[in-house]
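**Q** If you read the protein sequences in the order shown, they are chains A and B. For the first sequence, the positions run 1 to 482 when this note's numbering is used. For the second sequence, the positions run 1 to 214 when this note's numbering is used.
The hints are simulated quantities; they were obtained by calculation from the structure and are not laboratory data. Glycine is no exception: its CB is placed at the ideal position from the N, C-alpha and C atoms. It cannot be assumed that every hint is accurate.
Here are the in silico distance ranges between beta carbons for each label pair [said to hold, decoys possible]:
1. B:152 x A:406: 27 to 35 angstroms
2. A:391 x B:141: 30 to 38 angstroms
3. A:429 x B:133: 43 to 51 angstroms
Each computed DSSO-like pair below joins lysine-lysine, with the alpha-carbon atoms no more than 30 angstroms apart [as the list claims (entries may be wrong)]:
4. A:3 x B:10
5. A:412 x B:55
6. B:26 x A:409
7. A:419 x B:167
8. A:412 x B:11
9. A:412 x B:10
10. A:435 x B:11
11. B:11 x A:409
12. B:10 x A:409
13. B:55 x A:409
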Amino acid sequence: MLKGFSRRIRAFDILSEQEIQAIHDGTLQVLENTGLNFFHERALKLFAENGCEVDFATNRVRMPNHLVEECLRKTPSSFEMKARDSKSDLRIGGDTLYYMGGAALRIVDLNTWDARPATLKELDEACVILDSLDSVHMFADTAPYTDLVGVPAVMTYLVDTASHVKNSTKITLSAGSHGSEIFNVKIAKAIGADMLAFLGVSAPLTYHRDACEAAFIQAEAGFPFYIVGSDMMGGTGPATIAGSLISTNAEILAGLVLLQLTRPGTGIVAGDYTMPLNMRTGDPCFDDLGSSLHTVAFNQIMRRYKIPIFSNCPGMSCAKTIDVQSGYERGMSSLAAAMSGANVIVLHGSVFGEYTFHPVQAVLDDDIATWVGRFIEGFEVNEETMATDLIDEVGPIPGSYLNKAHTRKWWKTQQFIPKTAERSTYPEWVRTGKKTALTYARERMEEILRNYKPVPLPRDQNDQVDKILKEAEAHYGKAGLL
Amino acid sequence: MSEEILGSLKKAILEYDSEGAIRAVKMAAKNGMDPNLVLDAMTAAVRTVGDGFGKGELWLPDLIGAAEAMQSAIPIVVEEIKTAKITRQSLGTVVIGTVQGDIHSIGKAMVSAFLVAEGFSVQDLGVDVKHERFLEAVRDQKADIVCMSALMTTTAPELRKVIELLKRHAIKDKIKVLVGGAGVTEEFARRIEADGYESTAARAAQLAKRLLGK
C-alpha cells in the first residue's frame, strides 16, 4: 500500500461550529426545498421510491433531510482500493494525504509556450514520469492529455486509461462519458485493479444523463467514487464563498444520496473544484484566493461529515508558463488544502488550468507536493529530539553540532532536500551555468526517461486492454462518433 | 590479522566512530604494523566518503564525521611514527584556520576533510586565529601550505594581513597560501597575492595538490 503522507498536525479550521451548522442547515434546506435536476429516468424513480419529492416532468428531485442524513451515515469514513500491484494499493481517508496527477488538453512547448496536441509517445512518456514520481499516487481520468494526434475525440479517455495502466501500477480515475465507463469497467477487470469512478455535477444543481448512467454502471461494478462539485462563483454558483459552499455541498450530497441508494456503503471521496469566475474573461479563475478559502471551508465540513476529501483546485494555475505565478499559486493552494485535511490533492503536471500539461511541471510539483506533505507530518518533540543533553555537551563556540551522531541521525528528517531547487553557493551557481529550478526539472525529466522503467503490464493483460480498445472503437464507429 | 585490523579501522571511519578508529589504530600499533599503512587505510576510507559527498550521495555530517574519526586516531599513529623513527608519508602538511575576528568553522572543516581525504597531513588551528598563530604553526609544522578562511567581507582583510606577516618573515615564497570563504572572491585573492582560491572544498583540496605539483 502506498503510504502517502500522514497528517500529524491538527487540521486547520476556518469556520466556527455555528458557521458549519448554518452551512449544513442551509444545504439541507436547498436539498429539500429547491432540489436538483437529474436527467435520468432510473435516478428519478430511485429517488421517488426512497421518499424524495420527484417531478418527472421537470426532472426535479427534492430530498427529505432524514434521507440525506441517513445516506451520510452509510458513507464510510475511509475505503481501500486495490491496484494491479499491491504496492500501489490505497486507503483513502483518515489522516492520509495522496496526490493525483493533473489533467489537460494539450502539451505546452517549453520554449515557445505554445500549446499543441500531444503525440501518443508523449502521452506514454508523461505517464512514465508520473509513475516514477513518489509523490504521485493516482492518475486523473482525462489525463494527462485529451487532445491526441490521430486519436478520435471520443476515444481519448480510453486511450489515456490504457496508457495509465500500461505505464504505471498506480490507480486511475475512471471517466464516465459517452459510455467510456463500460470499457473502463472491462479494463479494470482485465488488469485486476480497482478504479475510482468520477461523478461530476453540472452546476448549478444538475446531474446530466451521462453522469447518472456512468454512476449506475460503475457503482454496480463496485467502484468507489469521486464526486466533484465545480461551481464557478458568480456564474454557476453564488459569488460568495458561504453561498457557494451551500450550493457545492448540496450538489455533492445529492450525488452521495444517489450512490448510497444505488449501492449502500459505496466509498466516496468528496471533491471541491469550486472557484470564482474570472469577471474579465468568463473563464474559471484557477487558483484564486477564493478557491482556496472555499477549499479550506469545504474540507472542514467534510471532516465534520467524516467523508474523505478531495481537493481538485491546487493543480490548476492561471499562469501560461512555468514561472513565479505558477509556483506561488500551486504552492499556496496545495498547502491550504493539505493543512485543512485533504486526503487527495490534484497537482502534478497541469500548467494552465486544464488546458496545458508538461511533465517538467510534474517534476517541479514533486518537490511542492513533498514539501507540503512533509509539512503536515510535523515533527517529533521528545527527549531525544529536544537534545538538552547534547546542547549541554556542545556548549558555546567553538562547540559544533556538525560532528555529532545526533545530527547524522536526525537532520534528514528535519529538513527537505528538493530535487529541483537551486541551492548551491553563489560561485558554484555561476560556475555551473546559472541553472534555475526549471533547468534542474528538465534535466531530471530527461534522466527519468533515460533510466526509469515502470513495472510492465503482463503480456496477456496488455493484449486484453488492446482488445477492449478495439471493441470501444467498433462501438463508437457503429454509433457514428468516430 | 593486519587485514582484519585495517578492515575494522576502515569500517570505524565509514561509521564515523572515533572510538572504534582509536581502538583499531592501537591494535595496529600493538601488532607492529607499519604506521604509514594505517594512515593509507584511513585516508582511503575518508576518500570514499568524500567521493560519496561529491556525487551528492553523502552529506556534510558524513564528511565531517569520517574526517573527525580519522583525526582522532591520527595522534596515536604520529606517535608510532616518531617511536619507529620513520618518515610519515603524506602529500604535504597543511595549516588551516579561520582568520581573526571570524568564528565560522563549517567551510574550513569541509576543506580540512577533503585535504585529509587526499592524503595531506592537516593541522587545524580552529577559528578566530590570530595572525601570529598562523606564522608559528607554519614554522612549527614545517607546513607546505597555509589555508585561511574568511566568511565575512569585514574579516576578509585579515587574510591580507596574514600574508603581509608571512612576507615580512620571508616565509610567503616558501609556501603556498590558499584562501576561501564567502567573503573572498578570486579577484580579491589575486589582489592580496594569495597563491590560490577555490569556491568549493573539494576543489580546494585538488588545487592544493596542483600547487604542490602532485
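**Q** If a hint holds in the structure, say so; if it doesn't, say that too.
**A** Results for each hint:
| no. | hint | result |
| --- | --- | --- |
| 1 | B:152 x A:406: 27 to 35 angstroms | holds, 28 angstroms |
| 2 | A:391 x B:141: 30 to 38 angstroms | holds, 34 angstroms |
| 3 | A:429 x B:133: 43 to 51 angstroms | violated, 34 angstroms |
| 4 | A:3 x B:10 | violated, 37 angstroms |
| 5 | A:412 x B:55 | holds, 17 angstroms |
| 6 | B:26 x A:409 | holds, 28 angstroms |
| 7 | A:419 x B:167 | violated, 47 angstroms |
| 8 | A:412 x B:11 | holds, 22 angstroms |
| 9 | A:412 x B:10 | holds, 24 angstroms |
| 10 | A:435 x B:11 | violated, 38 angstroms |
| 11 | B:11 x A:409 | holds, 18 angstroms |
| 12 | B:10 x A:409 | holds, 20 angstroms |
| 13 | B:55 x A:409 | holds, 20 angstroms |
Consistency note: the structure conflicts with the earlier hints numbered 3, 4, 7, 10.
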